[in-house]
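Q: Residues per chain, in single letters:
Protein chains: 2
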Amino acid sequence: MHTTSPLAALRQWLDAHHLDGMIVPRADAWQSEYCAPYDEKLAWLTGFDGSAGLALVLKDKALLFVDGRYQVQARVQVNMDEIAIHHLHNEPLAEWLAKNVEAGTRIGFEALLMTNADFMQLSATPCELVPLDRSPFDTIWSDRPAPPAGLIREMPVEISGESSTDKRRRVAAVLAEKNADVLAVTLPDNIAWLLNVRGSDIPTSPVPLSFALLKRDGSVEWFVNDSKLVELPDAVRNAFTLAPQEAFIARCKALSQGKRVLVDADSAPVALRFAIEPQGEIVWQTDPITLMKANKNSVELAGYRECHHQDGAAWVNFLAWLSREVPLREAAGNPLMELEVQAKQLAFREQQPGFIEPSFETISASSSNAAMCHYHSSEASNKPIGHDHFYLNDSGGQYHNGTTDATRTLAWGKVDAQQRLHYTAVLRGFLSLITLQFPSGTQGHQLDAFARRPLWEMGLDYDHGTGHGVGHQLLIHENPHRIAKKVNPWPLVAGNIMTIEPGYYLGDSHGIRIENQVEIVESRPGFCTFASLTLIPIDLSQVELHLLNEQEKQWLDAYHQQVREALSPRVNSDARQWLEEATAPICV
Amino acid sequence: MHTTSPLAALRQWLDAHHLDGMIVPRADAWQSEYCAPYDEKLAWLTGFDGSAGLALVLKDKALLFVDGRYQVQARVQVNMDEIAIHHLHNEPLAEWLAKNVEAGTRIGFEALLMTNADFMQLSATPCELVPLDRSPFDTIWSDRPAPPAGLIREMPVEISGESSTDKRRRVAAVLAEKNADVLAVTLPDNIAWLLNVRGSDIPTSPVPLSFALLKRDGSVEWFVNDSKLVELPDAVRNAFTLAPQEAFIARCKALSQGKRVLVDADSAPVALRFAIEPQGEIVWQTDPITLMKANKNSVELAGYRECHHQDGAAWVNFLAWLSREVPLREAAGNPLMELEVQAKQLAFREQQPGFIEPSFETISASSSNAAMCHYHSSEASNKPIGHDHFYLNDSGGQYHNGTTDATRTLAWGKVDAQQRLHYTAVLRGFLSLITLQFPSGTQGHQLDAFARRPLWEMGLDYDHGTGHGVGHQLLIHENPHRIAKKVNPWPLVAGNIMTIEPGYYLGDSHGIRIENQVEIVESRPGFCTFASLTLIPIDLSQVELHLLNEQEKQWLDAYHQQVREALSPRVNSDARQWLEEATAPICV
Chain A
40 MHTTSPLAAL RQWLDAHHLD GMIVPRADAW QSEYCAPYDE KLAWLTGFDG
90 SAGLALVLKD KALLFVDGRY QVQARVQVNM DEIAIHHLHN EPLAEWLAKN
140 VEAGTRIGFE ALLMTNADFM QLSATPCELV PLDRSPFDTI WSDRPAPPAG
190 LIREMPVEIS GESSTDKRRR VAAVLAEKNA DVLAVTLPDN IAWLLNVRGS
240 DIPTSPVPLS FALLKRDGSV EWFVNDSKLV ELPDAVRNAF TLAPQEAFIA
290 RCKALSQGKR VLVDADSAPV ALRFAIEPQG EIVWQTDPIT LMKANKNSVE
340 LAGYRECHHQ DGAAWVNFLA WLSREVPLRE AAGNPLMELE VQAKQLAFRE
390 QQPGFIEPSF ETISASSSNA AMCHYHSSEA SNKPIGHDHF YLNDSGGQYH
440 NGTTDATRTL AWGKVDAQQR LHYTAVLRGF LSLITLQFPS GTQGHQLDAF
490 ARRPLWEMGL DYDHGTGHGV GHQLLIHENP HRIAKKVNPW PLVAGNIMTI
540 EPGYYLGDSH GIRIENQVEI VESRPGFCTF ASLTLIPIDL SQVELHLLNE
590 QEKQWLDAYH QQVREALSPR VNSDARQWLE EATAPICV
Chain B
40 MHTTSPLAAL RQWLDAHHLD GMIVPRADAW QSEYCAPYDE KLAWLTGFDG
90 SAGLALVLKD KALLFVDGRY QVQARVQVNM DEIAIHHLHN EPLAEWLAKN
140 VEAGTRIGFE ALLMTNADFM QLSATPCELV PLDRSPFDTI WSDRPAPPAG
190 LIREMPVEIS GESSTDKRRR VAAVLAEKNA DVLAVTLPDN IAWLLNVRGS
240 DIPTSPVPLS FALLKRDGSV EWFVNDSKLV ELPDAVRNAF TLAPQEAFIA
290 RCKALSQGKR VLVDADSAPV ALRFAIEPQG EIVWQTDPIT LMKANKNSVE
340 LAGYRECHHQ DGAAWVNFLA WLSREVPLRE AAGNPLMELE VQAKQLAFRE
390 QQPGFIEPSF ETISASSSNA AMCHYHSSEA SNKPIGHDHF YLNDSGGQYH
440 NGTTDATRTL AWGKVDAQQR LHYTAVLRGF LSLITLQFPS GTQGHQLDAF
490 ARRPLWEMGL DYDHGTGHGV GHQLLIHENP HRIAKKVNPW PLVAGNIMTI
540 EPGYYLGDSH GIRIENQVEI VESRPGFCTF ASLTLIPIDL SQVELHLLNE
590 QEKQWLDAYH QQVREALSPR VNSDARQWLE EATAPICV
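From first to last, the protein sequence lines are chains A and B. No gaps in the numbering here: position 16 of the first sequence is 55 in this note's numbering, and each next residue is one more. No gaps in the numbering here: position 249 of the second sequence is 288 in this note's numbering, and each next residue is one more.
Hints are all accurate, no fakes.
Identical chains share a label here; the pair holds if one copy fits it or two copies do between them.
Taking lysine to any residue pairs in the SDA-like style, the calculated list, with each CA pair at most 25 Å apart, reads:
{"id": "1", "residue 1": "K292", "residue 2": "L168"}
{"id": "2", "residue 1": "K217", "residue 2": "G480"}
{"id": "3", "residue 1": "K524", "residue 2": "G480"}
{"id": "4", "residue 1": "K525", "residue 2": "G107"}
{"id": "5", "residue 1": "K254", "residue 2": "Q318"}
{"id": "6", "residue 1": "K298", "residue 2": "E285"}
{"id": "7", "residue 1": "K592", "residue 2": "L475"}
{"id": "8", "residue 1": "K592", "residue 2": "E496"}
{"id": "9", "residue 1": "K217", "residue 2": "W135"}
{"id": "10", "residue 1": "K383", "residue 2": "S612"}
{"id": "11", "residue 1": "K138", "residue 2": "A212"}
{"id": "12", "residue 1": "K298", "residue 2": "A163"}
{"id": "13", "residue 1": "K138", "residue 2": "D220"}
{"id": "14", "residue 1": "K217", "residue 2": "E130"}
{"id": "15", "residue 1": "K138", "residue 2": "P165"}
{"id": "16", "residue 1": "K525", "residue 2": "T325"}
{"id": "17", "residue 1": "K422", "residue 2": "E400"}
{"id": "18", "residue 1": "K525", "residue 2": "C412"}
{"id": "19", "residue 1": "K298", "residue 2": "P165"}
{"id": "20", "residue 1": "K292", "residue 2": "A278"}
{"id": "21", "residue 1": "K217", "residue 2": "L127"}
{"id": "22", "residue 1": "K524", "residue 2": "P478"}
{"id": "23", "residue 1": "K100", "residue 2": "E79"}
{"id": "24", "residue 1": "K138", "residue 2": "V213"}
{"id": "25", "residue 1": "K525", "residue 2": "F566"}
{"id": "26", "residue 1": "K525", "residue 2": "G480"}
{"id": "27", "residue 1": "K298", "residue 2": "Q284"}
If you're looking for bench data, these hints aren't it; they were derived computationally from the structure.
Chain A with its partners taken away, still in its complex shape (with noise of 0.2 Å):
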């Protein structure tokens, strides 16, 4: 029998339908940041499975743009032969078809996969777009996995804090002020905030992929399909005009005519614009909704905070049962591994009421892994856990009420002198931002170098964000907050959620990351500071406490008393002991 490769079977169906090549990104409808299977095209194609990237397939040749991160990994995945590896932001794909292709050169995409701006920058380009009206993967990929179909289920407004028909007012007061009538909510996460519900498409990201237009009137058509609305609540269900997800740009289509549609600018797919400005107007603007839902209700906050007494008493639970294993199963010869100690934290989550699945997918790495910030350990890389390296542990929880994020890095026996400093400088960071205050709408680039500081005076820096946004038993990297050296337009108030999250990494050596999950508070009138939610001992064996400031020893004090009087009643009671300790103060 005669297997043809996807390349062979993609260029077959260009050619067939007349086209010269195609563009195929990393992308879901909704530029998710984690793809349901069925969607990741480009991994089929080429062998790649990176979070980022997109390949240019023409008859003679195939490209993959990948960024600096993925270069290693693209060189190992990739027939090589077969497809050539560019740079995603040094040599960009506009870049090269500007160079390399001739005037009228016939490129197909999925208008759907592709965004406003990303197709303004392709269009500078020499060669013609052509938007495709069937996805060619719809029959090329003979054992695609089945399009994701999670059940959605109701978020109730004891835990959401306000109803979807409170919302969708609050929303349609916008479209009134902007002068337009309709919003298209594209960002799945934006609609489980405005319908009150959760989906379960992709593990750890609790969103329903769907579609919806809201208008002036607060109503709302829903476009998800059926199969997945079969436990919601008729009432719930009965509040939203349904449609199949399919229908949905055919409908902006025929809805459009005369009108002015809000569309978020960042991240809706091209397939919008072609499909309104025909007949309409698009108003392109950040979606609404996305700054609401950064604003956090008293219901929502509460809930966060319940939830990290839980994910607490969890975190609690798996470092006082380390502090027993690392040290007797590296002496008796069989030392812990990376994979057995994730496998028992998430035992640890298990137990706690509330607990739906984790929050993204956990980082166990030990030694000169955890050097690799998204590392993620398999079989192949799995390490031990020792006396005298660090260990780096970055994870969370979906709760009924909220969700967590945090990381600690710890060691059991002593890292060398080196080592010790840097996880120092890395604390020091980490104190300084998170004892701020600040007046209320500073942006996140503005407080981002506080966390560095330290680092910087030892010549040294990290290469990640500092904070991000976290949803309400929602996304891990919520929108639009961020602190970090990038500048955010987005003023931080009272009522957001953010990470604090410095670090510091070594190649071939070693990490260290320590991250709280913090709330905005209002400290004065005009003021705010952050309050960590994060309640997990931070692990003070490895500093040297000489290095740090009263103001900075007296928070890791009342930090630890918090976390002690909090999680003392709620921990296993072979972990107590160990809590005392490492909650114990330092300053005399």
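Add chain B to chain A, keeping to what the hints say.
A: For chain B alone, kept in the frame of chain A given last:
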């Protein structure tokens, strides 16, 4: 004899020219921060002499738009029966026109006084904007001051560090890179840098008001009035094609046929657009000279360092004199006054070799006068300087080899406890920023908060930037770098000259600011620190020393040692003892 008011005269002129109104901004053709009296049209027309604002004169009404700083001053200076005062930012002119003016209303404006961005905003209104061939002020302003005609001098290559030929070659290379044919240089400080000349049209701003065109071969046409050139050596004059300033716009028109002309997007007059666009193409971007000029060469840097020794000696002579005279004069019932002190300081500066003139109008502000950040003393406002309050002095000099800018806040007795805490917080903010090591290329908005944190801790802040660039015997506020809350995209690198100047102001009570001028230096590969150019003791008599950490105290002692060693040989003999005491170490 019948005298016509300026407003009436303008209305007559408009009527004769079939116009319904006119926009009169506080601006010259270079959008200068400080204007020549000849260009103070708005002040002559309305009485308002603030540094920013604009008037709209219609047949039946006149409006003055000024920002928040000037709401009070405008109401004092303007005849409110004739002119209504509006807020420049809260209700901008474009918005007012859109709401209040009928379509087709003919509004005149001088295209040399308006930037392209301003024009674009006004273009969106229903009125017809009419660029005027001639200025009405040429005829109606009878007692108008003469046009600025300051002599232009050579800036020797021994002081500028790079020949004009070499500079022009470097800029021409950028033109080639951008595929542009001509650079229209409309910023006088960029002309001064490019041609290695300095002007004297406006006190404290040694720039030659003029225009220039640089072509790809490095040749320059300089549009400057001949009378300014009489003292310029022939060799310098002959290096350029000369033409009268007034010929600039017509030449742009003639020369731009089929050409790409690079024009400064931030400041160039819209007159250039009208002249070039019909037959040429404008490339709007920041004038490349702006960035080149900000990266000082080693000769310029040596000049800055040297002139700060002179300026520091003048400051120490002045401060030693103050410390003797303030108590004596107060005890004698004849206290020193702001204006007298300001004059004495100038006399000390004038004793220094290489001193040319002040680099900006001195701020000599006692007690509550200092609460106004931009205060200038007058006979009416002149306050005594006594023992129980702060005196703030912000001043600098133009020297033949550089420009200085520094602020000290001092007290000779004891201020109250709250003011001591404020002074200590400002000093801590100053120390926090000035002791920072940061990655080369970090941007100003990433660092600004270090200077504010100690005030933020107390729920306080200051409403101005933290630092600005300083020209090399050029403008006191030099673009493009800033350290401020506002985003500034220009990377800070070794060779930039900045100020660091946090402050605190309590209305009707007191004002505090501490400012050093600094050079950015590479401290290790990839990292930079600030090296102080300013050599002036910092008053520690009002500091709560226990609130400073060890690093901050050590910096102060090291700085004071540097000041003492650098200046002791240079100050007057009767100032030497004061210098010893003012720089005594605080660490034991």
